[in-house]
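The numbers in UniProt numbering rise by one with no breaks, and the one at position 18 of the sequence shown is 18.
Note that these hints are calculated values from the structure, not bench results. Among the clues, some could well be false.
With a Cα cut of at most 35 angstroms, we get these calculated DSBU-like pairs of lysine-lysine [said to hold, decoys possible]: (1) Lys-158 to Lys-146; (2) Lys-158 to Lys-41; (3) Lys-63 to Lys-178; (4) Lys-45 to Lys-173; (5) Lys-360 to Lys-41; (6) Lys-158 to Lys-45; (7) Lys-55 to Lys-45; (8) Lys-110 to Lys-146; (9) Lys-369 to Lys-63; (10) Lys-146 to Lys-369; (11) Lys-173 to Lys-55; (12) Lys-55 to Lys-41; (13) Lys-146 to Lys-55; (14) Lys-41 to Lys-63; (15) Lys-110 to Lys-158; (16) Lys-146 to Lys-373; (17) Lys-146 to Lys-45; (18) Lys-158 to Lys-55; (19) Lys-178 to Lys-45; (20) Lys-41 to Lys-369; (21) Lys-173 to Lys-146; (22) Lys-178 to Lys-158; (23) Lys-178 to Lys-146.
With beta-carbon atoms standing in for the labels, derived distance ranges [what the hints assert, rightly or not]: (24) Ser-62 to Ser-161: 31 to 41 angstroms; (25) Pro-316 to His-274: 30 to 40 angstroms; (26) Asp-307 to Glu-246: 17 to 27 angstroms; (27) Glu-317 to Pro-154: 45 to 55 angstroms; (28) Ser-52 to Tyr-155: 44 to 54 angstroms; (29) Pro-310 to Leu-25: 44 to 54 angstroms; (30) Tyr-334 to Asn-203: 41 to 51 angstroms.
Please read these numbers as outputs of a predicted model, since none were measured by experiment. Where a beta carbon is used, it is the ideal one built from N, C-alpha and C, also for glycine.
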Amino acid sequence: MQSLCLKPPNISPPAETIASNQDLLTPVLLCIPARSLLRFKCVCKNWFALISNRKFCDIHTSKNPYPNVSAFFFHTAIHDFYFISIPNNENQSGSLLKPPRIIEHPPRIKILQSCNGLLLCCSLQEITNTSSTPRCYFVLNPTTNKFSAITNSPYATKSTSILGVALAFDPSKSLHYKVLCIRCIAGSVISFQIEIYSSETRNWTLRESTFLRPFHIDFSHGVYFNGAINWISHTSRVLHYNIDEESHGMVSRPPSYNVFRKREYRYFGESRGHLHLIEIYRPCVTQFDVMEMGGDYSGWFVMYHVDLDPIAAAFPEMVPEHNIVDPSKEETWYYAFVVLFLAREVNKEGSSLLLHIPCKVISYNLRDKSFEKACEFTSKGTESKRSLQVGWRDAYHYMETLACV
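Could you put the whole structure together from the sequences, leaning on the hints where they help?
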């Protein structure tokens, strides 16, 4: 039977040998980015079978645990999304792309968290959080467009209500993910019911904890770091719960915290095993510090100082008109930018902030303070105004991965 593999013209004998030999081909394909591999499935049946194989996907994920961020999902309304692609060096034009099919035509869903290439989502009904409303959670891989529904917890009762759900996934340690659900028990301010779902067993386990509920902790925005789910309060105190060790702790405010100054935190996220926090103090909203958490939760320390004034000078659309019309009201000034993601590199030299300003994404190098336009996308209708209404908690980074869900 004639082979179905497409034979490129003028292919050299060594290359043809590699293309048709799975043992030789596999190490080569493992070095290819995930999205390119999905296109390579069309080469022939042999390539399709190899790239679709669960073992191959697991090895590729293990060898590429922290891929670069290549796009962002945004919530612009409770069930409205748009998707911005961050191009590579071969294509300097950004694009508003269609998200995966399940999000493009969602059954009224909301993204809750992005964690190393996987998205934790829930049905819109969950937002009502009533005892009579069915809860539906699922984990989605946007690259492969595959998802897995999370079974309902058998430990949910009418006397408990959900405070937050978070995803824990670190492919450098395990190819399986876990989902943590934290509930409060009716009539108690100190008792928490913690439930853990494992993708390995497809089952829930119940844990109980009686630590004092911290004031103003935002359980709706969990961040996975250092084997634990981390939540932040409005005063920048961090509560962490280690999933494997079943331990918890609280980290105090950053050293720069000043209760007498108007402040807000603009970013709380993880990159390559590092947890970062950005606070902005008025009126100097364009100058701030990037803080990093000690790996042993010893506290926050200042990693970088950021000055966005040169960016505002280069991109005047970042400066709202009322700042110029009435410069005397400096205390109420704001600038049209959102910190999307802190991309931490292994050598720190390429570590950067990705900033969203109207119709553009700017990459700011944290080491040498240089910046460049990462992509630009065409404004359509009210797109420019909508971009100002998107907060950092409405943006979810997208990393290409073949991780199985």
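Against the structure shown, which of the earlier numbered hints fail to hold, in ascending order?
Per hint list: 2, 6, 10, 18, 20, 26, 28 violated.
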